[in-house]
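**Q** We have chain A; now place chain B onto it with these hints.
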Amino acid sequence: MKHNLILRVIAKYLFPVIALFAFYVQFHGDYGPGGGFQAGVILSVAFILYTLVFGLETAEQILPPHVLRILACTGVLIYAGTGVATMLMGGNFLDYNFLSLNPVEGQHIGIMLIELGVGITVSAIMLMIFFAFTGRERS
Amino acid sequence: MKNITVTVLIDTLIDITLLAFLAITAIAIIRMRNLFVIIMLFSIFSLHTAGLFVVMDAADVAFTEAAVGAGISTVLMLATLALTKNHEEKRPAHHARLPLLVVLITGGALVYGTYDIPSFGDPISPAQQHVKPRYIEHSLEETGVANTVTAVLASYRGYDTLGEVTVIFTTGIGVILLIGGRLLRRNKQEDD
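If you read the sequences in order, they're chains A and B.
The first sequence runs contiguously to residue 139 in the working numbering.
The second sequence runs contiguously to residue 1192 in the working numbering.
Here chain A stands alone, though its shape is the one from the complex (with noise of 0.2 Å):
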C-alpha cells in the first residue's frame, strides 16, 4: 500500500485523532466507561493503522521490538510497584490509602497509576503479538 497516496494521507490525519481518543479513555475512566485496558488497545490500534499503511519497517524505525520489550515489562512493573510501595508505606499489597495522608487521595493516585500500568503493558503486548504475525511474512 506504499504508492496510495489517499490512504497515506488519512492515515497520517487519523493517527493523532486515534491516539487522542486512546488517552481520554486512560485517563477519564475514573469517570465515564473505560480505562488502561482499553486505552491500550485504542493506542495499540493507531500504531497497527500506521503499519498497515506504511510498512512494517517504517513502523519498527518508531517502535523497535526491544522497546516494545521494555515498555510491556514496565508496566507491569509500574503496577507491582504501586503495591510494594504501598506496603513500603505501612499498608497491605496494593491498599491505596497510605499512598497519600488523605485516603482518598491516595486511592486516586494509586489508581491511576495502575490503570497508567495496565494501559502501557496492554498497548506493548499487542503490538507484539501484530508484529510477530506480519513480521513472518517476510521470511
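No lab work stands behind these hints: they were computed from the structure.
Okay, the calculated beta carbon distance ranges per label pair:
| no. | chain 1 | residue 1 | chain 2 | residue 2 | range |
| --- | --- | --- | --- | --- | --- |
| 1 | B | V1167 | A | H66 | 17 to 27 Å |
| 2 | B | Q1128 | A | L88 | 36 to 46 Å |
| 3 | A | L20 | B | N1003 | 28 to 38 Å |
Just so it is clear, CB atoms sit at the ideal spot from N, CA and C, and this is done for glycine as well.
**A** For chain B alone, coordinates are given in the frame of chain A:
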C-alpha cells in the same frame, strides 16, 4: 409511568433485533467456507454483542467487547490469515448426527437451567445482595472515583486486575517465544 413502558418496549425491540442478527451471523459463519468472510462475520458478531451489552447498561463491558472483540482480534486473525490459506478445506463428508444430538441435549439443558436464574436486574437476586450494595453506596466516598466499575476493578479488586495484566504479559511473551524469536534467529543467520 407511560414513558417507562415505552422505554422497556424499545429495549425489548432492540434486544430482539440484535439477538436475531446474532443468530443470523452465527448461522452464516457456520455455512461459509471463505475464511476472510468468516473473520469479518466474527467482527460483526462481536459488534452486535457490544450493542447488547449497551442495552444492558454495561458500558464498560461493551467498550471492551467493541475494542478487543470487534477490533484487535479481527486484525490479529487477518494477520494470521495472511500467513495461511484463504479457504477452508472441502466440506467434511460424514454426517454430524452425533454432535448435533449432543449440542441439542446440552442446549436444552442450558435453556431448562435458565428457568431457575433470577430475572435480569432482579433486586433480591444473590448477585445484587452480596457486596454490590456496599460498592454502590461507599465506593465514591472511599475511592473518590465516580465510575463504580473502575473503582471495583482498580481498587477493591486490584489484585485480580494485577493477575489479568500478568496474563496478558505472559501471553505476549509466549507469542514472542513461539514466532517472534525464530525470525530474529533467521535474520541473524542471513547476516552471517
